[in-house]
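K.L.:
The primary structure of each chain is shown beneath.
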Amino acid sequence: MYQKTLAELSQALHKKEISSVELTQIFLTRCQSLNSKLNCFISMTPEHALAQANAADVQIRNGTAGPLTGLPIAHKDIFCTNGIKTSCGSKMLDNFIAPYNATVVERLNASGMITIGKTNMDEFAMGSSNETSYYGVVKNPWDLKRVPGGSSGGSAAAVAARLAPAATGTDTGGSIRQPASLCNITGLKPTYGRVSRYGMIAFASSLDQGGPLTRTAEDAAMVMNAMAGFDKRDSTSACEPVEDYTAKLNDSIKGLKIGLPMEYFDEMLDSTVSNLVHAAVEELVKLGAEIKDINLPNSHLSIPVYYVVAPAECSSNLARYDGVRFGYRCKDPKDLSDLYCRSRGEGFGREVKRRIMIGTYVLSAGYYDAYYLKAQQIRRLIRDDFQKALATVDIIIGPTVPGPAFKINELMNDPISMYLCDIYTVSVNLAGLPAVSVPAGFMDNLPIGMQIIGNYFSESRLLNIAHRFQQVTDWHQRIPEGFN
Amino acid sequence: MSLDRTDIEKIAWLARLSIAGDDIPNYARDLSNILDLVKQLSAIGTANVKPMAHPLEITARLREDKITEVNQREHFQKIAPAVDNGHYLVPKVIE
Numbered sequence: 001m002y003q004k005t006l007a008e009l010s011q012a013l014h015k016k017e018i019s020s021v022e023l024t025q026i027f028l029t030r031c032q033s034l035n036s037k038l039n040c041f042i043s044m045t046p047e048h049a050l051a052q053a054n055a056a057d058v059q060i061r062n063g064t065a066g067p068l069t070g071l072p073i074a075h076k077d078i079f080c081t082n083g084i085k086t087s088c089g090s091k092m093l094d095n096f097i098a099p100y101n102a103t104v105v106e107r108l109n110a111s112g113m114i115t116i117g118k119t120n121m122d123e124f125a126m127g128s129s130n131e132t133s134y135y136g137v138v139k140n141p142w143d144l145k146r147v148p149g150g151s152s153g154g155s156a157a158a159v160a161a162r163l164a165p166a167a168t169g170t171d172t173g174g175s176i177r178q179p180a181s182l183c184n185i186t187g188l189k190p191t192y193g194r195v196s197r198y199g200m201i202a203f204a205s206s207l208d209q210g211g212p213l214t215r216t217a218e219d220a221a222m223v224m225n226a227m228a229g230f231d232k233r234d235s236t237s238a239c240e241p242v243e244d245y246t247a248k249l250n251d252s253i254k255g256l257k258i259g260l261p262m263e264y265f266d267e268m269l270d271s272t273v274s275n276l277v278h279a280a281v282e283e284l285v286k287l288g289a290e291i292k293d294i295n296l297p298n299s300h301l302s303i304p305v306y307y308v309v310a311p312a313e314c315s316s317n318l319a320r321y322d323g324v325r326f327g328y329r330c331k332d333p334k335d336l337s338d339l340y341c342r343s344r345g346e347g348f349g350r351e352v353k354r355r356i357m358i359g360t361y362v363l364s365a366g367y368y369d370a371y372y373l374k375a376q377q378i379r380r381l382i383r384d385d386f387q388k389a390l391a392t393v394d395i396i397i398g399p400t401v402p403g404p405a406f407k408i409n410e411l412m413n414d415p416i417s418m419y420l421c422d423i424y425t426v427s428v429n430l431a432g433l434p435a436v437s438v439p440a441g442f443m444d445n446l447p448i449g450m451q452i453i454g455n456y457f458s459e460s461r462l463l464n465i466a467h468r469f470q471q472v473t474d475w476h477q478r479i480p481e482g483f484n
Numbered sequence: 001m002s003l004d005r006t007d008i009e010k011i012a013w014l015a016r017l018s019i020a021g022d023d024i025p026n027y028a029r030d031l032s033n034i035l036d037l038v039k040q041l042s043a044i045g046t047a048n049v050k051p052m053a054h055p056l057e058i059t060a061r062l063r064e065d066k067i068t069e070v071n072q073r074e075h076f077q078k079i080a081p082a083v084d085n086g087h088y089l090v091p092k093v094i095e
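First to last, the sequence lines map onto chains P and B.
At position 224 of the first sequence the residue is numbered 224 (our numbering), and the sequence of numbers has no breaks.
At position 91 of the second sequence the residue is numbered 91 (our numbering), and the sequence of numbers has no breaks.
Bear in mind the hints are in silico, worked out from the structure with no lab data behind them.
Just so you know, not all the hints are guaranteed correct.
Reference listing, derived: stretches of chain B covered by chain P, where coverage requires no fewer than 3 residues with Cβ under 8 Å from a Cβ of chain P [to be verified]:
#: 1; stretch: 14-22
#: 2; stretch: 29-38
#: 3; stretch: 44-52
#: 4; stretch: 63-77
#: 5; stretch: 85-92
Derived EDC-like pairs (lysine to aspartate or glutamate); straight-line CA-CA distance at most 16 Å [stated by the list, open to error]:
#: 6; chain 1: P; residue 1: Lys232; chain 2: B; residue 2: Glu64
#: 7; chain 1: B; residue 1: Lys92; chain 2: P; residue 2: Asp335
#: 8; chain 1: P; residue 1: Lys334; chain 2: B; residue 2: Glu95
#: 9; chain 1: P; residue 1: Lys232; chain 2: B; residue 2: Asp65
#: 10; chain 1: P; residue 1: Lys37; chain 2: P; residue 2: Asp143
#: 11; chain 1: B; residue 1: Lys39; chain 2: P; residue 2: Asp270
Cβ-to-Cβ under 10 Å is the rule here; a few derived chain B residues that face chain P [stated by the list, open to error]:
#: 12; residue: Leu3
#: 13; residue: Arg5
#: 14; residue: Asp7
#: 15; residue: Ile8
#: 16; residue: Ile11
#: 17; residue: Pro25
#: 18; residue: Asn26
#: 19; residue: Leu41
#: 20; residue: Leu56
#: 21; residue: Ile58
#: 22; residue: Ala60
#: 23; residue: Pro81
#: 24; residue: Ala82
Quick reminder that beta carbons are idealized off the backbone N, C-alpha and C, glycines included.
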């Protein structure tokens, strides 16, 4: 049963081939026996899950169930869950029992989905490997010596290893798409503002966006139908109407104009990755799409812009952790300054401290114009590049990540090399566009993903293209050995 | 761009972060490397380019001036490290 997609499980529940309690039990048991191999969960919530499953079964019996009722999901531990520990992968919040639900959690609860646990992640979502988590690294189910990517690494590993049929994630610079690529699953980063940020612990507020990690584009569409929408509690929530993301999955892609950025397929890109992505694009051409070379001339500046903008916003957002109202507090502070400095110094890990300090520096008097203002100006140039390109093509395709999953500890002492893993993903966050990563093949038995980028609020079209691609390919159906 | 011990101590104080003395050289190295990565931005011409703070460039919404939140002091203080009689406790500030 755990092999089935969300869409297949939904049918099984509605045909009463299995109850939600039985289904939830299957996944809980599987998590109990396999989580020690992967470390993809920070907390399991069996009692909460079974109570939700019982309620879902009542709805299924009396005919009031929706398409997601009774289906298990795991939440990234960045989403506040009322009465359940919400750690954000940090010692700072190891003792934090959220006093309210994030809007995403509230919406998925209302849709009838079952929360089976909270997934591991890089501390405060700052990382591309899950190695910065206070709870230890997550292992990639395709090779236990390798990282699953990050920051939503626990969510990606759980879905890839069939410990959960779907999971939530967040993406500030690639944190949904990069782990999806490294774990051979589907990950959608929606348009900025499409999914509410209320109760989603903030890292960089102008970049953060929640989205689904699933096995297929069809499953992502089902989850998005419940996740997306305006929320008055999020001041940057988009008022645009929400489409039924499942309605156009099977639409034809004949005549679709695909742009291939010359800058993404330059001589720096590994030839195997390049060939796999080109072969994947060829599948879309067979379905009637046309390709065109395009330019994104400022794309090489996205990493430097990101490492000014994201740390600046992070230093401001993380100022709230002061050891006074919630979270970690140091022992025996001698005065108020000592309370602040030691609570933060002891509660945050190394990568989080690096980013807070970079952010503090670029925002400080005398440096603001040279760094922060400059980065914001170049951010506009990057956004304008996308807008110019998207005036001539419908979507843009490239690799999600420059290569497959790297080994645990390989890049841990080299932050800059780690940052460069996100070279194809961060520009999308800077521009605020939606993008989906789908499995596109294997290199040395490790998954490689393809990224499809669209214009603002084109999630429905992106999922349609991804779905049609998955109808003619079977990369997404491959299961890591030891988890089938 | 190279940051020294004094720079790191100053930034750490501004950010209210205690950093162990023997760890300061590591932060100096890492932060200097990040600033080196960022340095290439200074060579890009941006005259007349408006800074972009937000991808959708929306303006803040207004709502009716009505109370929408209820007082949940006890609920929120349950997770505080130290409270007394509805107050958050911190080390003495005024002698």
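K.L.:
So, for every hint listed, does it hold in this structure?
P.N.:
Comparing the hints with the structure gives:
For the stretch 14-22 of chain B, the stated coverage by chain P is satisfied: 6 residues place a CB nearer than 8 Å to a CB of that chain, which reaches the threshold of 3. Note: the stretch 29-38 of chain B has 7 residues with beta-carbon separation from chain P under 8 Å; the three-residue rule is met and the coverage holds. Counting residues of the stretch 44-52 of chain B whose CB falls under 8 Å from any CB of chain P gives 6; the rule of at least 3 is met. Counting residues of the stretch 63-77 of chain B whose C-beta sits closer than 8 Å to any C-beta of chain P gives 4, which meets the bar of three, so the coverage hint holds.
Given a C-beta distance limit of less than 8 Å, the hint that chain P covers the stretch 85-92 of chain B holds, as 4 residues qualify and 3 suffice. Restraint check: the Cα-Cα separation between P/Lys232 and B/Glu64 comes to about 12 Å, which is no more than 16 Å; the hinted pair holds. As the CA atoms of B/Lys92 and P/Asp335 are separated by approximately 7 Å, the hinted pair is consistent with the 16 Å bound. Restraint check for P/Lys334 and B/Glu95: satisfied, since their Cα atoms lie roughly 13 Å apart, inside the 16 Å limit.
With a C-alpha separation of about 14 Å, the suggested pair P/Lys232 and B/Asp65 falls inside the 16 Å cut-off, and the hint holds. Restraint check for P/Lys37 and P/Asp143: the C-alpha separation of about 11 Å stays at or below 16 Å, so the hint holds. Using a Cα cut-off of 16 Å, the hinted pair B/Lys39 and P/Asp270 is violated, with the two alpha carbons roughly 26 Å apart. Interface hint at B/Leu3: satisfied, since its Cβ lies 8 Å from the closest Cβ of chain P, which is below the 10 Å cut-off.
At its closest, the beta carbon of B/Arg5 sits 13 Å from a beta carbon of chain P; the interface hint therefore is violated under the 10 Å criterion. Contact between B/Asp7 and chain P, as hinted, is supported at the beta carbon level, the nearest pair being about 8 Å apart and thus within 10 Å. Interface restraint check for B/Ile8: the shortest CB-CB distance to chain P comes to about 8 Å, inside 10 Å, so the restraint holds. Among the interface hints, the one on B/Ile11 holds; its C-beta lies about 5 Å from the nearest C-beta in chain P, closer than the 10 Å criterion.
Violation of the interface hint for B/Pro25 is found here, the shortest Cβ-Cβ separation to chain P being roughly 14 Å, above the 10 Å cut-off. At a threshold of 10 Å, the smallest CB-CB gap from B/Asn26 to chain P is about 8 Å, leaving the interface hint in force. Among the interface hints, the one on B/Leu41 holds; its C-beta lies about 5 Å from the nearest C-beta in chain P, closer than the 10 Å criterion. A least Cβ separation of about 6 Å between B/Leu56 and chain P falls short of the 10 Å threshold, and the interface hint therefore holds.
The beta carbon of B/Ile58 comes within 7 Å of a beta carbon in chain P, closer than 10 Å, and the hint placing it at the interface holds. For B/Ala60, the shortest C-beta to C-beta distance to chain P is roughly 6 Å, which falls under 10 Å, so the interface hint holds. Given the 10 Å rule on beta carbons, the hint for B/Pro81 holds: about 4 Å separates it from the nearest Cβ of chain P. With a least beta-carbon distance of about 7 Å to chain P, the hint placing B/Ala82 at the interface is held under the 10 Å criterion.
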